[in-house]
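Line by line, the protein sequences are chains Z and W. For what it's worth, my numbering labels the leading residue of the first sequence as -11, then goes sequentially. For what it's worth, my numbering labels the leading residue of the second sequence as -11, then goes sequentially.
Bear in mind the hints are in silico, worked out from the structure with no lab data behind them. Ideal Cβ placement from N, Cα and C applies to all residues, glycine included. Check the hints yourself; a few may be wrong.
If you want a taste of the chain Z side facing chain W, the calculated C-beta under 10 Å gives, among others [to be verified]: (1) Leu118; (2) Tyr128; (3) Pro132; (4) Thr188; (5) Met211; (6) Gly215; (7) Gln382; (8) Gln383; (9) Met384; (10) Gln387.
To give an idea of the interface, some chain W residues facing chain Z are shown, with a C-beta separation under 8 Å as derived from the structure [as the list claims (entries may be wrong)]: (11) Ile106; (12) Lys139; (13) Val142; (14) Asn201; (15) Glu203; (16) Leu248; (17) Thr259; (18) Phe345; (19) Ile370; (20) Ser374.
2 protein chains.
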Amino acid sequence: MSPVHFAKRMEIVQPNAIGELLKFGADPALISFAGGYPDGSLFPTHKLNDVFQTAILERGAQSLQYTVSDGDPKLRAQLAARVSRLGTPCSLENLLILQGSQQGLDLVAKMLVDPGDIIVTESPTFLGALVAFNPCQPRYVDIPMDEHGMKTDVLEQQLKAGLRPKMLYTIPEFQNPTGVTMSAERRKHLIALASAFDFTILEDTAYRELRYNGEAPPTLKSMDQEGRVIMLGSFSKILAPGMRLGWAIGEASVIERLGLLKLAADTQCSTLNMAAASLFLERHDLDGHVEILRAAYHRKKNLMLSMIRQHFPQEVTCTDPDGGLFTWLTFPKGFDTTAFMREQALNNAKVAYVPGFSFFARDGEINHARFNFSSQTDEKIIAGISVLGALVKQQMAKQ
Amino acid sequence: MSPVHFAKRMEIVQPNAIGELLKFGADPALISFAGGYPDGSLFPTHKLNDVFQTAILERGAQSLQYTVSDGDPKLRAQLAARVSRLGTPCSLENLLILQGSQQGLDLVAKMLVDPGDIIVTESPTFLGALVAFNPCQPRYVDIPMDEHGMKTDVLEQQLKAGLRPKMLYTIPEFQNPTGVTMSAERRKHLIALASAFDFTILEDTAYRELRYNGEAPPTLKSMDQEGRVIMLGSFSKILAPGMRLGWAIGEASVIERLGLLKLAADTQCSTLNMAAASLFLERHDLDGHVEILRAAYHRKKNLMLSMIRQHFPQEVTCTDPDGGLFTWLTFPKGFDTTAFMREQALNNAKVAYVPGFSFFARDGEINHARFNFSSQTDEKIIAGISVLGALVKQQMAKQ
Chain Z
-11 MSPVHFAKRM EIVQPNAIGE LLKFGADPAL ISFAGGYPDG SLFPTHKLND VFQTAILERG
49 AQSLQYTVSD GDPKLRAQLA ARVSRLGTPC SLENLLILQG SQQGLDLVAK MLVDPGDIIV
109 TESPTFLGAL VAFNPCQPRY VDIPMDEHGM KTDVLEQQLK AGLRPKMLYT IPEFQNPTGV
169 TMSAERRKHL IALASAFDFT ILEDTAYREL RYNGEAPPTL KSMDQEGRVI MLGSFSKILA
229 PGMRLGWAIG EASVIERLGL LKLAADTQCS TLNMAAASLF LERHDLDGHV EILRAAYHRK
289 KNLMLSMIRQ HFPQEVTCTD PDGGLFTWLT FPKGFDTTAF MREQALNNAK VAYVPGFSFF
349 ARDGEINHAR FNFSSQTDEK IIAGISVLGA LVKQQMAKQ
Chain W
-11 MSPVHFAKRM EIVQPNAIGE LLKFGADPAL ISFAGGYPDG SLFPTHKLND VFQTAILERG
49 AQSLQYTVSD GDPKLRAQLA ARVSRLGTPC SLENLLILQG SQQGLDLVAK MLVDPGDIIV
109 TESPTFLGAL VAFNPCQPRY VDIPMDEHGM KTDVLEQQLK AGLRPKMLYT IPEFQNPTGV
169 TMSAERRKHL IALASAFDFT ILEDTAYREL RYNGEAPPTL KSMDQEGRVI MLGSFSKILA
229 PGMRLGWAIG EASVIERLGL LKLAADTQCS TLNMAAASLF LERHDLDGHV EILRAAYHRK
289 KNLMLSMIRQ HFPQEVTCTD PDGGLFTWLT FPKGFDTTAF MREQALNNAK VAYVPGFSFF
349 ARDGEINHAR FNFSSQTDEK IIAGISVLGA LVKQQMAKQ
């Protein structure tokens, strides 16, 4: 028994599914649809080796040294130009480089949320956001979703009834875990509500560029006239998560405060990885690489959905996202996906997914599951879904 | 004016000297003795290029992917073996990889400190630690130092008079900013006090391996029979700060809780940088590289101290550290090093240092300055100190 006495906030910082499930991902015997991993076989290794070699051999005295905490100014300018070109006007002083967009979740909550303050989330929402927000001891209010995203009419009712959130967290495209995209109309409504009821929107766009079908609605940040939106983005899904580079975009005064928290939290991101990313944007065609990813993940999504429809009982439904990495399965009421994974899927099918329970800020529903379709090979998607489907059929026949 | 409403803790998260001074470091016209930068010309660029190339080209599907949040298990085992060999026995489950040891300051405070809890620091202490601790809203008690480190007899008096700290923060070797090392006797006393008065010690060993003279006293962690010490270490000063890799060592149960906060804060460190560091330890001689750094910094320290003695007024004293990166200058009472830097040193000498004021948790003394001797070339040390010395003489003649 350690004599170290933990702070009160540690009562709500508990082991959780994401950490455990990232560990499953490391077991080579298992077919894991659990992690949010991009396809490792598509990393542009030769181009990355090229830029790392230049950064180390030709510019090592700078690239391996400390730099300013806001991040490599050249990379900030390049990213601001790219984000602007993709429809969200911003400049260098609106952009802070982060250790993945996950760090944005931690720092924005630290910047805004006092104990007891209300954070509104989608229901279900990204588990990694909840674990980042928890140390700030917020109260959560979760708003249901349909196929057009968060039901902003339900939010409006609650606001009119007295709800006063400090911050609202949303993943408007290809939401984690459901794969759903918020409609343009709902976005407009949400921006109007934020203005009328004076709260900040934290917009997580980690999956936005991975669109396979249809037109992208504008980002919330691009519709923001008042500086109420902080937008997070990331290289993790479009280049390589192992580089740990993301960014936050907001009003310059907000980015400055966020930069102070970044300095305190870890001084800065890896100078080397920032230098390499900057060289990559300069020398190579990131947009072209994203096109390759879109085509590959689109194909894999179609494969997984057709396998699910073929092998799972008809009562099990799944979302058909226009992009991103995930589909969200709904089993009949009473089917406990956590128990099924622990007792059946892991042992008898050697297949992992993320049980839906942990994606709810409050009162989790037990009959959902998140499946990732980007990380496994076609062969493993076919093998994993068919063996799991048979097992689900058996289990449901018993009930 | 942004409509974003900051949390209460942001009142004490203010722009500070470190962030500003890292910016000075980026101006090539300036001779900066301000940052804690290692000598960029000594980075082992060819060996690092070798290991990054292997990590990317031969193992890219893993090295560029997500990994477990505690860090690359192979690197954890290698570091635990190395730290054990250097005198502090530990194993893999006692070690968590961090985004530099700075992240350990942030996460340990988050893990232990509730608003109003007391943190004991040395006086003066590392500014970066204060900015990491501040968001937890602690109260500070600072204990004076002499040439043997923190005066543990003063601490004991205060503890006997009722002081009840949650945590004590110390840099026992080549302290930042003073360069002073805590004696073995004081260490023993401190461990006994932690046990008797039930507090946790956070031991920051970022500079420990950079010893030029004499024998190293044992680490506090190696003297810890009860699991009260959390020890931080870093690659920043012995390999390359731009890789952003450090570690925490503690009881397995403490490391597990710290790992949960790490997961929430930024998911993980760069998989690629961890893979490269692991390959570096496997293929290359880190101890041999540290020997090169020791010899180089020892020589530079001697150069800077002889220049200070030659060009500064005799009333200005400086510490003569047995290792590390810094010497601590004390000017006559009333000499304001902050005003002098702003009004004289930056403009008339184009020289920067860190004014001592900001290194005090409370009631800063104005007549000190921290000088770094590792980062500048011999020529710039000679030029910078001589022109600054002349300016100091002028200023003191006026007073």
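Hints, verified against the model:
1. For Z:Leu118, the interface hint holds, the least distance from its beta-carbon to any beta-carbon of chain W being 9 Å, beneath 10 Å.
2. For the restraint placing Z:Tyr128 at the interface with chain W, the shortest Cβ-Cβ distance is roughly 15 Å, beyond the 10 Å limit, so the hint is violated.
3. Interface hint at Z:Pro132: violated, since its Cβ lies 25 Å from the closest Cβ of chain W, which is beyond the 10 Å cut-off.
4. The closest approach between the C-beta of Z:Thr188 and any C-beta of chain W is roughly 5 Å, which is under the 10 Å cut-off, so the hint is satisfied.
5. At its closest, the beta carbon of Z:Met211 sits 15 Å from a beta carbon of chain W; the interface hint therefore is violated under the 10 Å criterion.
6. Restraint check, Z:Gly215 versus chain W: the minimum CB separation of about 4 Å is within 10 Å; hint holds.
7. Annotation: interface hint on Z:Gln382 violated; nearest CB of chain W at approximately 32 Å, more than 10 Å.
8. Of the supplied interface hints, the one on Z:Gln383 is violated, with its beta-carbon coming no nearer than about 30 Å to a beta-carbon of chain W, more than 10 Å.
9. Because the closest C-beta pair between Z:Met384 and chain W is about 33 Å apart, greater than 10 Å, the hint is violated.
10. The beta carbon of Z:Gln387 is not positioned within 10 Å of any beta carbon in chain W (closest approach about 35 Å), and the interface hint is therefore violated.
11. Interface hint status for W:Ile106: violated, as the beta-carbon distance to the closest one in chain Z is roughly 12 Å, over 8 Å.
12. The beta carbon of W:Lys139 comes no nearer than 24 Å to any beta carbon in chain Z, farther than 8 Å, and the hint placing it at the interface is violated.
13. Of the supplied interface hints, the one on W:Val142 is violated, with its beta-carbon coming no nearer than about 24 Å to a beta-carbon of chain Z, more than 8 Å.
14. Among the interface hints, the one on W:Asn201 is violated; its C-beta lies about 26 Å from the nearest C-beta in chain Z, farther than the 8 Å criterion.
15. The interface hint given for W:Glu203 is violated, since its Cβ lies 30 Å from the closest Cβ of chain Z, which is over the 8 Å cut-off.
16. Restraint check, W:Leu248 versus chain Z: the minimum CB separation of about 5 Å is within 8 Å; hint holds.
17. With a least beta-carbon distance of about 3 Å to chain Z, the hint placing W:Thr259 at the interface is held under the 8 Å criterion.
18. For W:Phe345, the interface hint is violated, the least distance from its beta-carbon to any beta-carbon of chain Z being 18 Å, above 8 Å.
19. Annotation: W:Ile370 was flagged as interfacial toward chain Z, and the flag is violated, the nearest CB pair being 20 Å apart, outside 8 Å.
20. Of the supplied interface hints, the one on W:Ser374 is violated, with its beta-carbon coming no nearer than about 25 Å to a beta-carbon of chain Z, more than 8 Å.
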